[in-house]
Amino acid sequence: MSRKGSWKGGGKGWHSDGDETTVVLTGLPKTLNAEILLSLLDQEYLGCYDYFYLPMDMDKFENTGLAYINFRDHDKAVECQRHFAGYSAWPGGHFSERTCRAQWSSIQGYEANIQKQQKLNDWVNSNIPE
1 MSRKGSWKGG
11 GKGWHSDGDE
21 TTVVLTGLPK
31 TLNAEILLSL
41 LDQEYLGCYD
51 YFYLPMDMDK
61 FENTGLAYIN
71 FRDHDKAVEC
81 QRHFAGYSAW
91 PGGHFSERTC
101 RAQWSSIQGY
111 EANIQKQQKL
121 NDWVNSNIPE
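In this text, residue positions in the sequence shown follow this note's numbering: the first is 1, and each later residue adds one.
Think of the hints as simulated: they come from the structure by calculation, not from any bench. Heads up, none of these hints are tricks.
Derived Cβ-Cβ restraints for the label pairs, each shown as a range:
no.	residue 1	residue 2	range
1	A89	G47	17 to 25 angstroms
2	A34	R72	13 to 21 angstroms
3	L38	E130	27 to 35 angstroms
4	K60	L120	16 to 24 angstroms
5	E130	G92	35 to 43 angstroms
6	S106	E62	19 to 27 angstroms
7	K119	G93	34 to 42 angstroms
8	D75	L40	17 to 25 angstroms
Dumping the calculated SDA-like pairs for lysine to any residue here, alpha-carbon to alpha-carbon at most 25 angstroms:
no.	residue 1	residue 2
9	K119	N63
10	K30	C80
11	K119	G65
12	K30	G93
Everything numeric in this text was worked out from a predicted model, so none of it was measured. Glycine residues also receive a C-beta, built at the ideal position from the N, C-alpha and C atoms.
Use the sequences and the hints to build the structure in full.
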């Protein structure tokens, strides 16, 4: 399942096949940490998602501007996309020059996200000098 949806004009909703559950948020403030973003998610979607990944640039001690969230069902994923599309009310003075975008991730589903994360972890571990 690696389908992507697209936004239909006029606020009519997300076009998809109805089985997508993984959302990618882009344009996040790079100073935003996981605790703050998880708090924002939990305000609306507590218990509705089973996977969260906020990639970090450890050289700069900031995130990369995107996050992946897998929801337990498609409808909550669509709600999340609508909620965060154009979002800019970041707490604590966090700011991004880019507007937040919410779209379908190219990796879909809990298992697929876990597998990708494991491959990434394996690669990182194998490339760390001893």
